[in-house]
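*Asks:* Given next are the chains, with one letter for each unit.
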Amino acid sequence: MSAEQPLTEALRAVDQATTSDQLMKATAALVRCCDLKAIPKLLEVIGYNNPALAGLAVSGLIALGRKAAPEILENLDPQNYGARAWAVKALAEIGDSCALETLINAAENDIGPSVRRAATKGLGRLGIADHPALTTDEHQRCLRTLSKACTDSEWIVRYAACVGLENQIQAGDQGFSEGTSRIKRLASSNEPVKVVRLRAALALERLQIQ
Amino acid sequence: MIESTGEGQAIDEQEALKRLEQRHDASDRYYAAWWLGHERSRHPRTLPLLKAALGELFETTSPPNDDCRALSLNVLRALAHLDGSEAETEILACLTHSDQQIREEAARTAAAASLHTAIAPLCASLSNTSTHNDRLLEAQIEALGELAKPSETIIGLLTPFTDSEKPLIRSAANRALLQITDDSSWSNAFQALVQHPSAQVRRGVLLDIGAVGWLPSLTMIQTSAVENSIKLIALRGLAEHPRGLGAAGVSEQEACNLVLSAMDALL
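Protein sequence lines correspond, in order, to chains V and S.
According to the numbering used here, the stretch in the first sequence is residues 12 to 221, in order.
According to the numbering used here, the stretch in the second sequence is residues 387 to 653, in order.
Worth flagging that the hints you see were computed from the coordinates, not collected in a lab.
Note that the coordinates shown come from a computational prediction; the quantities given were computed from them, not determined experimentally.
Please note that a few of the clues may not be correct.
Derived CB-CB ranges, DEER-like [to be verified]:
#1 S/THR545 / V/ARG155: 53 to 59 Å
#2 V/ASN60 / S/CYS509: 35 to 41 Å
#3 S/LYS552 / V/ASP148: 55 to 61 Å
#4 S/ARG426 / V/ARG217: 45 to 51 Å
To list a few chain S residues with every Cβ distance to chain V over 10 Å, as calculated [as the list claims (entries may be wrong)]:
#5 PRO434
#6 CYS454
#7 GLU474
#8 GLU538
#9 LYS552
#10 THR567
#11 SER615
#12 ALA625
#13 ASN643
Using N, Cα and C, we set each Cβ at its ideal position, and we do this for glycine too.
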């Protein structure tokens, strides 16, 4: 039996699935292959407007790690912002610095709030923990975009920006005074949405900022 | 019509007020009404102009023409974002208007404006609403959930809808009864509803749980087969107005931290 066989079979099973249950099982098998050649099919599946299925496919993309990032980047679907949000989420979780430009562009300009949200979350994690370090310039651009996202028109993007800034400041950017003042503003009565104020207050408490 | 107005162009508050006030270009007025609500306008002329525009609906006894009807719907939506109580008389009149969609939008606006005077007309109207008119039923049931205090009458009126064959009506009725009574037995139905094969139903159920702020359903929201953007909206409700803390066995502070950390994970 060749090593290709489970992959070929899983790809065929996805194509031949006629019920959502079959599609879930086939996609799970494809994810288990843990093969870079599964990427195009996983990206196709996340565009089917089925959240449970998309979540599964995204977990498969994340499991493939940094090597998957370039192909995900090349195949972002300009027509389908639901699919784009999932793909950006995968990129954000993988945290490869080659995704920096895409994440900045998506966070600042994408028309889909869920895409801006996922990209903003990703920027909050770049260069942190087991993610590869960013250069100083990359890091500054990342922080600038997070600061800008604090004034997004959608509450959930401002929420994600607050989480992202907290992470980045916690990871070593205590000197980033613009970030802390942005979080303070989100915690104040200037912010109309209560849950954003609650999250910003929690960030200030964790960062021990008065 | 659309070409002449430049719909979608960036306009400011003054321009929106001017467009709403004039009476010859209907689509300009339609857009202006939406704009004032979307921007949460607090200009002193905003509410009087919206109130007057809604009043036009009652200038004749015949059914409104398409322009008047469309404008009224947008005015009602705008009032849901502003202080709708200023237009209490007009909103109450809309609750019993001959047009179904106007009644539906008025129910939402009355709930958003906390108009307790709307309870009696809503109850009367709900008893007469056709069971085929799902959207109107949902809006009326949900409005009563927001506004009504617990009483035998209101519980008796809403309870039959928990056996509706339509899943979203069942969900709305359980949501309303849970809001009114705080009795956790009304949350039991969500468990099955959230597994419904239709994604649209699952989304609606999550939004209903969020509207109540029912904290014991936190895990159910997290693990449901619904896109994260809807889960996040539902969780916002749990964070902003949590209920069922006793049933969940947590303090308000613990509840808030649990919900926020669930939201962080779903971004």
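*Asks:* Are any of the numbered hints broken by this structure? If so, which, sorted upward?
*Replies:* 4, 11, 12 and 13
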